[in-house]
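**Q** Single-letter residue listing:
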Amino acid sequence: MTASTGEATGGSVYEYIVRTKDLAKYYVMGGQEVRALDHVALDIRRGEYVSIMGPSGSGKSTLFNMIGGLDKPTKGTVFIDEVDMAQLSATELAWLRCRKIGYIFQTFNLIPVMTAIENVTLPMVFAGLSTDEALDKGAELLKVVGLGDRRDHKPTELSGGQQQRVAIARALANDPAIILADEPTGNLDLRTGKEIIALLKRMNEEKNVTIISATHDLKMIDVSDRVVWIRDGKIERIEERADIEVNVGVMEGEES
Amino acid sequence: MAGVVDRIPDKAGIQHQIMLPWSKAFQMTRENIFVRFGRSVITASGIFLGTAFMSAVFFGGAAAAVKANLDLRQGITPQAAEMQARTIWLVTMSLVVATVGIVNSMLMSVTERYKEIGTMKCLGALDRFIVRLFILEALLLGVLGSVGGAVIGTAAMTIMWIGRIGAKNTLVAWVTPAVQLGGKPIQLWVCVVIGVLIGGILSALAALYPAWRAAKMPPAAALRSEF
Ligand SMILES: Nc1ncnc2c1ncn2[C@@H]1O[C@H](COP(=O)(O)OP(=O)(O)O)[C@@H](O)[C@H]1O
Ligand SMILES: [Mg+2]
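Chains as they are written, first to last, in my numbering: chain A, 1 to 256; chain B, 1001 to 1227.
The reader is advised that the hints may include incorrect statements.
Stated by the list, open to error - Result set (BS3-like, lysine-lysine): computed pairs, CA atoms no more than 25 Å apart in a straight line:
1. B:Lys1168 / B:Lys1024
2. B:Lys1216 / A:Lys154
3. A:Lys137 / A:Lys207
4. A:Lys143 / A:Lys194
5. B:Lys1216 / A:Lys75
6. B:Lys1011 / A:Lys154
7. B:Lys1024 / A:Lys72
8. B:Lys1216 / A:Lys72
9. A:Lys72 / B:Lys1115
10. A:Lys154 / A:Lys137
Derived from the structure by calculation, the hints contain no laboratory data.
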């Protein structure tokens, strides 16, 4: 999956789409320093499906925020395609979020007053697509995620699984290189969670989008190229596909 | 798949690659006002009541002047200066009260949407898009509220004064000075129009600070808030 698929329009293509170097995030809470992340060095290859696994409070969301440019690290660096994110201006960061990264959240985070199609097309509006182009592309994306018949439904009129599908369509709106997900199955039942994981995997394979998902859902292991285990803000171990296959049976047994 | 950031456009180019057209902002604002109707009513009601009261006070001032003029022929002296001071004081108070009301409800309205703001920033919104959306919303609500307030306030006074000085004289009140500003008499209808404009502007100003502060938050912090 280290797709070094170059592109005709030029621009060098690096093997690693995301790299973190000695990344740290400390929070100060009531005089106490919480090391949510410390000494995190992680290289993620283009086109990979990576799961960040760890118990609650281990720092997954913090890592998600750092990689996604949603918060600033205390120390260390996040490189996206070898560009140091700390060097980007606010506008450049917005550009990156708009066109290159798609975000998916545990709580779906659809805009409640907007219909499915309006949610999906909002990033396209920001990217400057015309209304017609956006509507066509949005309808197409809703079809891809299996919600072609729900385009005019508001989030409150959709089930959790359907809302997450809309969120996935929205994340794909501007053909991002990376999809960042934070516990995408955390609010879903077992079966719906499986469907969402399958959908993410399909997007990973069909669109060659790099998927980085924070999760403690062991079902995610199956589809991952690598699993990064973190604990207390530190990387505990990184398992490659080959190691994972051996262990998967045991893990799933743990879940029940 | 292309490289990710190796093609971030330059400073001039990037401005054309992230946008929120006014037409779209307006559409989003309109939907927001209707969908969150309860919240919109609360936001607008402060300015509505303020403007209704203010127009009523202006109307009262003008109508009293008309009446004084009628009475003058019968030899009664009006206490004009005292009336003036009272009108101006009442109007100022109603503006202050209305402003406190809008600032408060705009703060709440922005706070309950932190998560939405964070989400929009994840989708690529610039800080100023967020500010623009809230200002537009406040401006629309402010204008709606103050127009409504002016209509109700003057209508109520019209009904009251027709009974006292008759329909024709009540109409005359509209072009009668309601207050003197710097020695310059200002006709009632001008006072009401200015009041409506002030209502809209005050409410947009009230949204400015909370919206700007929310837009500046790192998306992670905005997303974390639960409402
Ligand atoms: N904004 C914050 N302020 C203070 N502490 C925080 C904040 N965000 C996270 N933390 C702390 O950092 C640690 C990691 O949190 P988080 O990244 O949310 O973990 P996870 O997503 O794996 O459950 C936890 O101890 C949490 O309490
Ligand atoms: Mg978390």
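**Q** Against the 25 Å threshold, does the CA-CA distance of Lys1011 (chain B) and Lys154 (chain A) hold or violate the hint?
**A** violated (37 Å)
**Q** Does Lys1024 (chain B) pair with Lys72 (chain A) here, judged by a C-alpha cut-off of 25 Å?
**A** At roughly 31 Å apart (the allowed maximum being 25 Å), Lys72 (chain A) and Lys1024 (chain B) break the hint.
**Q** Is the hinted pair Lys1216 (chain B) and Lys72 (chain A) satisfied, with a Cα-Cα distance of at most 25 Å?
**A** Holds, because 13 Å separates the two Cα atoms, which is no more than 25 Å.
**Q** Take the C-alpha atoms of Lys154 (chain A) and Lys137 (chain A), compute the straight-line distance between them, and say whether it is at most 25 Å.
**A** holds (19 Å)
**Q** Quickly compare the C-alpha distance for Lys1216 (chain B) and Lys75 (chain A) to 25 Å and report which way the hint goes.
**A** With Cα atoms ~21 Å apart, Lys1216 (chain B) and Lys75 (chain A) stay inside 25 Å; holds.
**Q** Is it true that the CA of Lys143 (chain A) sits at most 25 Å from the CA of Lys194 (chain A)?
**A** Status holds; Cα separation ~19 Å.
**Q** Could you grab the alpha-carbon distance between Lys137 (chain A) and Lys207 (chain A) and see if it respects the 25 Å cut-off?
**A** Holds: Lys137 (chain A) and Lys207 (chain A) sit about 15 Å apart, inside 25 Å.
**Q** Given the hint that Lys72 (chain A) pairs with Lys1115 (chain B), does the C-alpha gap stay at or below 25 Å?
**A** holds (18 Å)
**Q** Straight-line Cα separation of Lys1216 (chain B) and Lys154 (chain A) no greater than 25 Å?
**A** Since the Cα atoms of Lys1216 (chain B) and Lys154 (chain A) sit roughly 28 Å apart, the hinted pair is violated (cutoff 25 Å).
**Q** Please verify whether Lys1168 (chain B) and Lys1024 (chain B) have alpha carbons no more than 25 Å apart.
**A** It is violated: about 47 Å lies between the C-alpha atoms, which goes past 25 Å.
This entry does not satisfy hints 1, 2, 6, 7, going by the numbered hints stated previously.
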